[in-house]
Amino acid sequence: MKQFISFVKKEFYHIIRDKRTLFILLVMPIVQIIIFGFALTNEVKNSAIAVLDQSKDAASAELSQEIDESNYFTIQKSLNNASEIEPEFKKGKIKMVVVFPQNFGSDLKHFNKAQIQLIADASDPNVANTMVSYASRIIMDYQNRVNQELKLPYTIKTEYRMLYNPQLKGAYSFVPGVMSMVLMLICTMMTAITIVKEKELGTMEVMLVSPVQPLKIVIAKAVPYLMLSIINICTILLLSVFVLDVPINGSLVLLILESILFILTSLALGLLISSATDSQQTAMFISLTGMFLPTIMLSGFMFPIENMPLPLQIISNAVPAKWFYIIVKSVMIKGVGFASVWKETLILTGMMLFLLFLSIKKFKIRLA
Amino acid sequence: MRTLKFLLQKEFRQIFRDPAILRIIFIMPMMQLLLLPMAADYEMKDIKLTVVDQDHSSYSQQLISKITASGYFKLIDYSASYSRAMEDVEQDRSDLILTIPPKFEKDLVKEDESTVFMSINAINGVKANLGGAYLGQIIQDYNREVRLKWIQFPRFNPEPQIDITFSNWFNQRMNYKYFMVPGILVILITMVGSFLATLNIVKEKEIGTIEQINVTPIKRHHFILGKLIPFWILGLAILTIGLTIARVIYGIIPTGHFYVIYVFAAIYLFSILGLGLLISNYTSNQQQAMLISFFLMMIFILLSGLYTSIDSMPGWAQVITRFNPVTYFIEVMRMVVLKGSGLRDIAGQIFTVLGFGIVLNACAILSYHKRA
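For the record, the sequence lines run as chains B and C.
Residue numbers for the first sequence follow the working numbering, beginning at 6 and rising by one.
Residue numbers for the second sequence follow the working numbering, beginning at 23 and rising by one.
Next up, chain B with everything else stripped away, as it sits in the complex (with noise of 0.2 angstroms):
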C-alpha cells in the first residue's frame, strides 16, 4: 500500500509540475463550456433575409414586418426584381428571399387564396431547412390571426406544452455532452499517454524491474486522472448551473457516481490503447481521431442517432459517451432516477469490466 502510494504520488508530481498541461486540463472545460454556450446554436437567429415584394399592399408590409420583427429574421434588402436575387445568393449574405407574387393582398382579401414564396440559399441544408419552417410558422401564425378574427366554425385548436426546457435553451441538450467529451477526452487520452511515455522514454524498465506489482504501477497512473476528472466534473456543473442556469434536477449524488462510472470505462479504454501501442505519437493518434470526432458525432450530442443509417446506429451502441450522455441527460434535467437509467448504467459497467479485462490481459510486463 505503501508503495502504491508514492507511485500515485510520483504521478501527481508529473502532473503538477507540468504547469501548461495541467492548465490546459482545468481550462479546456471552461473555454468548451463557454464556446457552446454561447457561440454554438443550431437556432436561426437574426439571420439576412431579403424581400422581393411585387404587390406593394397593406397585408403584404404587415406580412413583411411580422418577420422582421421576430428573433429569427431581419430584413437587410427589398428587390425589386427577379434577376436581383442570384447575385444576392452569390454575395453570401442573404441567405433566403420572401418573394410577394402581384396582387398577393386583393387575392387574399377577395380570392381566400394568395401564394407566398420562399427561396433558400440551400448550400447549407440545416440552415435553409430551419428558417424556411420558421418563416411558414410566423406566416401561419399571421394566417390564423386573421382567421381568429373570422371566428370560422370547426376549429381544432392546438395547444403546445414544452417539456424540460420551456425556453428552448441550447444549453440543456450540450452541457450533457461537453461533459462525456471532457471527461472522454482527458481519460482517455492522457492515460493513454502517460504510459506509453514511460515506455518511450524507457522509464518503464525501470519500474518494471522494481518490487511493485505492474498492475499497480499503472492503476497508480490513472488514480491523478481520475482525480482531475473529478474537479472538471464540478466545474463543469458549476458553470451550468450559475453561468447558463441549467439545472440539476435529478439527485447530485447519483449524477456523480454515474459520472464517476464513464470516467472509469473512460479510463479503462486508456489503458487498453496504452497497452497495445509503443509510441505516443500512435497512441495519440488513437485516442483523437478514433476516439474523438466518434464521440463527438456518434454520442446523439450533436447529431440525433435515430436520423443515422443502420449501420451507424449499431456502431454507436459502442460508443460508451452516448450511454453516458443518455444519462447525464435524463438525471440531470429530466430529473429522474436510478430506476429510469439502470439499463445504461448496467451497459456502461460491462463495456468498463470488458475493456479493463482486456486491458489487464494484454499488459506485458516484458519489453520488446
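Honestly, the hints are just simulated from the structure, not real lab data.
Incorrect hints may appear among the rest.
Unchecked claim - Computed Cβ-Cβ distance ranges for the label pairs, DEER-style: (1) C:M52 <-> B:G207: 31 to 39 angstroms; (2) C:L26 <-> B:G207: 27 to 35 angstroms; (3) C:E135 <-> B:Q70: 27 to 35 angstroms; (4) B:F28 <-> C:Y104: 33 to 41 angstroms; (5) C:G93 <-> B:A323: 23 to 31 angstroms; (6) B:V214 <-> C:I263: 40 to 48 angstroms; (7) C:Q31 <-> B:P216: 40 to 48 angstroms; (8) C:I380 <-> B:A323: 39 to 47 angstroms; (9) B:K50 <-> C:L26: 48 to 56 angstroms; (10) B:E311 <-> C:G370: 36 to 44 angstroms; (11) B:P92 <-> C:V131: 52 to 60 angstroms; (12) C:L388 <-> B:T208: 28 to 36 angstroms; (13) B:K50 <-> C:Y104: 28 to 36 angstroms.
Unchecked claim - Capping the alpha-carbon separation at 27 angstroms, the derived lysine-lysine pairs in DSS-like fashion look like this: (14) C:K171 <-> B:K162; (15) C:K361 <-> B:K96; (16) C:K361 <-> B:K98; (17) B:K348 <-> C:K361; (18) B:K82 <-> C:K125; (19) B:K174 <-> C:K70; (20) C:K88 <-> B:K162; (21) B:K15 <-> C:K225; (22) C:K199 <-> B:K95; (23) B:K339 <-> C:K199; (24) B:K162 <-> C:K128; (25) B:K50 <-> C:K199; (26) C:K96 <-> B:K162; (27) B:K162 <-> C:K70; (28) B:K174 <-> C:K132; (29) C:K171 <-> B:K114; (30) B:K348 <-> C:K199; (31) C:K227 <-> B:K24; (32) C:K361 <-> B:K95; (33) C:K227 <-> B:K339; (34) B:K15 <-> C:K227; (35) C:K70 <-> B:K118; (36) B:K162 <-> C:K132.
Yeah, the Cβ is synthetic: ideal placement off N, Cα and C, and Gly gets one too.
Using the hints provided, position chain C relative to the given structure of chain B.
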C-alpha cells in the same frame, strides 16, 4: 539546397519506417470520411410520437392516420393515459405526446371548437421547435379537410389561406453530404497536418536527437523547411485520397475546378503546419505539445462553421472565426464544391491564409534556437 535534400531524406525515412503511424495517418481519416458524413444530418424524420387518444372517435382516428402518413412521425405507442405516455418520454422512447381529449369529435361538431394538446421533449430546443411546427401544420391541414366537409362554399376557399411554396437553390435535393463531406475532409487534413508537425520537433527534443542536429551546420530555416515539406506532401496526398472518396462514394463532383482546391490547400497546409511547428518550439514534451495543439484545434474546429453557421454566432465569436484558418478552408471548399467559385472569388481567403502562413512560419523560424 543540398542540406535540405538530406534533411528531407531523413524525415521521409523516419516517416516510412514507422508503418504503424503511417497506417493510422491514412486509414483513420479515410474511415472517418466514410462513416461520419452519414451521421451528420439534422434533417427531421421519424420523430417518435406517443398518442393518448381519449376520444376513440372516427375523427381522432383520421387525424392520427394523417399524422403517421406524413412521414415525419413514427407512432411508437398508444397510451391509455397521459402519465403513462410521460413514462415513454422519460425513458427516451418518445419525443412527443399528442393528447386528443374526450369529446374531441363532439366538441368539434357541436361547439365548433375543440383543442388537442402537444407535449414535446424540449431538451433539444431546435428539434422540439421543428417537431411542434410540423405537427401543427398537419393538424391545420386536417382541420381544413374537416371544414371543407361540413361547409360547402360555392366558389372560393372558406377561409383565407396563404400557400407557402419554397425552393432551395444551389443544392436542390438538400443533400447534406455535399455540405458535410468537404468540411469533414478539411478537419481531417487539419488534424493530421497540425498534429504530426507539432509532435515532430518535440519528439526530437524529448528523445534528445535534437542535440545532434544542433551541432551540425544546418541553418534554422533549413531545419524548419525540412520538417515542413514532408507533412505538406502528406497533407496533399490525404486531400487527394479524400477527394477520390468523395467522388467515388458520395458522388460529389466539385462544381468548380480541382486546381482551385489544390492551390488553396497548398497555402492552407503551409500556414497550419507553421502553427504546428511554432507550438512545438514552445513546448518541451509530446504530451504537452499535443494537448496545446488539441486545445487550439478544438476551438478552431468548433468555431469554424462546420457544424453550426457562423451567422448565428454572437459578435465576439464571429471575430474569432476571422482569425481561424479552418474557417477559410471550409468556406473555400464549400464555395468551390457547391457554387463553383474560381480563384478570383476566393482571392480574399487566399491572401488572408497566406498572411497567416507567413507570420506563423516566420515566428517558427525565429523561435527555433539551436541552444538547449
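Each hint, compared with the structure:
1. C:M52 <-> B:G207: 31 to 39 angstroms: With a Cβ separation near 34 angstroms, C:M52 and B:G207 satisfy 31 to 39 angstroms, so the hint holds.
2. C:L26 <-> B:G207: 27 to 35 angstroms: For B:G207 against C:L26, whose Cβ atoms are near 32 angstroms apart, the range 27 to 35 angstroms holds.
3. C:E135 <-> B:Q70: 27 to 35 angstroms: 29 angstroms, holds
4. B:F28 <-> C:Y104: 33 to 41 angstroms: Violated, since B:F28 and C:Y104 (Cβ atoms, about 51 angstroms apart) do not stay within the stated range.
5. C:G93 <-> B:A323: 23 to 31 angstroms: 30 angstroms, holds
6. B:V214 <-> C:I263: 40 to 48 angstroms: Holds: the Cβ-Cβ distance is about 45 angstroms, inside 40 to 48 angstroms.
7. C:Q31 <-> B:P216: 40 to 48 angstroms: For C:Q31 and B:P216 the Cβ distance comes to about 46 angstroms; the hint holds.
8. C:I380 <-> B:A323: 39 to 47 angstroms: 44 angstroms, holds
9. B:K50 <-> C:L26: 48 to 56 angstroms: 51 angstroms, holds
10. B:E311 <-> C:G370: 36 to 44 angstroms: 40 angstroms, holds
11. B:P92 <-> C:V131: 52 to 60 angstroms: Given about 54 angstroms between the Cβ atoms, the range holds.
12. C:L388 <-> B:T208: 28 to 36 angstroms: The hint (28 to 36 angstroms, Cβ to Cβ) holds, given that C:L388 and B:T208 are roughly 34 angstroms apart.
13. B:K50 <-> C:Y104: 28 to 36 angstroms: 33 angstroms, holds
14. C:K171 <-> B:K162: 18 angstroms, holds
15. C:K361 <-> B:K96: The given pair, whose Cα atoms are some 11 angstroms apart, holds under the 27 angstroms limit.
16. C:K361 <-> B:K98: 14 angstroms, holds
17. B:K348 <-> C:K361: Between B:K348 and C:K361 the Cα gap is close to 48 angstroms, so the pair fails against 27 angstroms, i.e. violated.
18. B:K82 <-> C:K125: Distance ~49 angstroms between B:K82 and C:K125 Cα, so the pair is violated.
19. B:K174 <-> C:K70: Cα-Cα ~21 angstroms, so holds.
20. C:K88 <-> B:K162: 17 angstroms, holds
21. B:K15 <-> C:K225: Holds, at roughly 23 angstroms.
22. C:K199 <-> B:K95: 20 angstroms, holds
23. B:K339 <-> C:K199: 33 angstroms, violated
24. B:K162 <-> C:K128: 14 angstroms, holds
25. B:K50 <-> C:K199: Since the Cα atoms of B:K50 and C:K199 sit roughly 24 angstroms apart, the hinted pair holds (cutoff 27 angstroms).
26. C:K96 <-> B:K162: Given pair C:K96, B:K162 holds - Cα atoms ~22 angstroms apart, limit 27 angstroms.
27. B:K162 <-> C:K70: 22 angstroms, holds
28. B:K174 <-> C:K132: With Cα atoms ~40 angstroms apart, B:K174 and C:K132 exceed 27 angstroms; violated.
29. C:K171 <-> B:K114: Cα-Cα ~23 angstroms, so holds.
30. B:K348 <-> C:K199: With Cα atoms ~34 angstroms apart, B:K348 and C:K199 exceed 27 angstroms; violated.
31. C:K227 <-> B:K24: 18 angstroms, holds
32. C:K361 <-> B:K95: Distance ~8 angstroms between C:K361 and B:K95 Cα, so the pair holds.
33. C:K227 <-> B:K339: 50 angstroms, violated
34. B:K15 <-> C:K227: 23 angstroms, holds
35. C:K70 <-> B:K118: 34 angstroms, violated
36. B:K162 <-> C:K132: 15 angstroms, holds
Checked against the numbered hints given earlier, the structure breaks hints 4, 17, 18, 23, 28, 30, 33 and 35 and satisfies all the rest.
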